[in-house]
Amino acid sequence: MAQSSPGAFAMRATAHDLELVALAAAGGREAFGELVRRHGSAVRGLLRRMGADGASADDVAQDAFLAAFEQIADFRGEGTFAGWVKRIAARLYVKRWRREARRDLAAEALERERPADIRQSGAADRIDLDDALRALSGAERLCVTLCYGGGLSHAEAASALNTPLGTVKSHVKRGLDKLKARLAPVRSVGDAESDHG
Amino acid sequence: MADRTFEMELDRMFGEAPAMADADVFTSRVLGRLDRGWNLRQLLIGGLGLAGGVIGGAQIVGSDVIGRLTALGAHSDRLVSARLDQLHVAGILPDGVLEALPVNGEALVMSAALAVLAVGFAVVRAVRDI
Chain W
1 MAQSSPGAFA MRATAHDLEL VALAAAGGRE AFGELVRRHG SAVRGLLRRM GADGASADDV
61 AQDAFLAAFE QIADFRGEGT FAGWVKRIAA RLYVKRWRRE ARRDLAAEAL ERERPADIRQ
121 SGAADRIDLD DALRALSGAE RLCVTLCYGG GLSHAEAASA LNTPLGTVKS HVKRGLDKLK
181 ARLAPVRSVG DAESDHG
Chain C
1 MADRTFEMEL DRMFGEAPAM ADADVFTSRV LGRLDRGWNL RQLLIGGLGL AGGVIGGAQI
61 VGSDVIGRLT ALGAHSDRLV SARLDQLHVA GILPDGVLEA LPVNGEALVM SAALAVLAVG
121 FAVVRAVRDI
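These protein sequence lines map, in sequence, to chains W and C.
Take the first sequence: its position 144, counted from the start at 1, is 144 in the numbering used here, and no numbers get skipped.
Take the second sequence: its position 106, counted from the start at 1, is 106 in the numbering used here, and no numbers get skipped.
Hints are computed from structural coordinates only; laboratory data are not their basis.
Treat the hints loosely; a few may be bogus.
[To be verified] Straight-line distance between alpha carbons at most 20 Å, and here's what the computed SDA-like set of lysine to any residue pairs gives: (1) W:K180 x C:R41; (2) W:K173 x C:A19; (3) W:K173 x W:G138; (4) W:K180 x W:H154; (5) W:K173 x C:M13.
[Claimed, not checked] Between beta-carbon pairs, the in silico distance windows are: (6) W:S170 x C:A122: 26 to 34 Å; (7) C:R41 x W:D128: 41 to 49 Å; (8) C:A122 x W:K95: 39 to 47 Å; (9) W:G27 x C:G120: 23 to 31 Å; (10) W:A155 x C:P18: 22 to 30 Å; (11) C:N39 x W:K173: 45 to 53 Å; (12) W:L165 x C:E7: 40 to 48 Å; (13) C:M110 x W:Q71: 37 to 45 Å; (14) C:R41 x W:D53: 45 to 53 Å; (15) C:A115 x W:A73: 28 to 36 Å.
For every residue, glycine included, the Cβ atom is placed at its ideal position computed from N, Cα and C.
Using the sequences provided together with the hints, build the complete structure.
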């Protein structure tokens, strides 16, 4: 196990993720701790965006990091470490989501959707991604977040959700349309500001 | 806005990690669970090893394996001595060549056991390297 010392701490703080992964694969608990410190918030944030409440998101994120530590020898550096853990977390969350409520995506899609509520342009109406995601139905939000935040392909998302590929594609399409409508004012304001320099 | 541009923008927005004030607490919790799992595993492995050692030791003592090994060594010693005598009689081996060496049955059995251990280590090392 890695020893704690000021030098080791500085090394870990500046080390590249891949170096930390190699140390963690050799049993380096503290190197893995640095990886958790770096990417924990991103994984927790993704799970919250998928629809998990704070406590559930933290539970799943912890499980995801523990699973990542168990499987760390399998991480070959194709893509980022954060992306790899996010994929693990997204799959774990979907499993939990399906198990807890015995949900399926078709039933979820029947939930009353929130109105798109497209806002007018203007600095006061700026909304961020989290606000925009709240306008999506549960199914749309899950599919969009799995495919964009979680980095799963449509086919992988369909497999994880045990749902036909076409259903996932249509949820993603509708979700993207709603997001585009809600996020467009933000971009247009940002673009206008940058145009005016 | 083109679809592809929007998707890239969305990827970027998803990639922006939110700052969480309790990030250190979260890290401590993950490491705590990691330690608990590791300690439990160590306890389990240690417990199973101890139980296996006790059972194995009892079996060895109960089956008189020491006496059998001693008898096997004596038998091997007799066989080796007989073969050496034959070689001396046949004039193949000059007198006094092997008398200084510990060539007896017990030494052969121990050498064979050490050779098996060495081969075991070599195989394990080769498998790890591969």
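Exercise for the section: Starting from the hint 22 to 30 Å, judge whether the C-beta atoms of A155 of chain W and P18 of chain C obey it. Expected result: At 29 Å between Cβs, range holds.
Exercise for the section: Kindly confirm whether 37 to 45 Å is satisfied by the beta carbon distance between M110 of chain C and Q71 of chain W. Expected result: With a Cβ separation near 44 Å, M110 of chain C and Q71 of chain W satisfy 37 to 45 Å, so the hint holds.
Problem - Restraint status (C-alpha distance of K180 of chain W to H154 of chain W at most 20 Å) - result: Measuring from Cα to Cα gives roughly 19 Å; hence the hint holds.
Problem - Consistency of beta-carbon spacing, A122 of chain C to S170 of chain W, with hint 26 to 34 Å - result: Distance hint for S170 of chain W, A122 of chain C is violated at roughly 60 Å.
Handout entry: Supplied distance hint 45 to 53 Å, evaluated on CB atoms of R41 of chain C and D53 of chain W
Key = violated, 31 Å
Exercise for the section: With a cut-off of 20 Å on the C-alpha distance, tell me whether K173 of chain W and A19 of chain C pass. Expected result: violated, 29 Å
Exercise for the section: Mind checking the hinted window 40 to 48 Å against the Cβ distance between L165 of chain W and E7 of chain C? Expected result: violated, 18 Å
Problem - Consistency of beta-carbon spacing, A73 of chain W to A115 of chain C, with hint 28 to 36 Å - result: Holds: the Cβ-Cβ distance is about 33 Å, inside 28 to 36 Å.
Problem - Status of the given 41 to 49 Å range, CB of D128 of chain W versus CB of R41 of chain C - result: Holds, at about 43 Å.
Practice task
Go ahead and decide if the range 39 to 47 Å is satisfied by the Cβ distance of A122 of chain C to K95 of chain W.
Solution key: Once the Cβ atoms are compared, 44 Å apart, the range 39 to 47 Å for K95 of chain W and A122 of chain C holds.
Handout entry: Holds or violated: K173 of chain W to G138 of chain W, with C-alpha atoms at most 20 Å apart
Key = holds, 14 Å
Practice task
Take the C-alpha atoms of K180 of chain W and R41 of chain C, compute the straight-line distance between them, and say whether it is at most 20 Å.
Solution key: violated, 49 Å
Going through the hint list in order, the structure does not satisfy hints 1, 2, 6, 12, 14.
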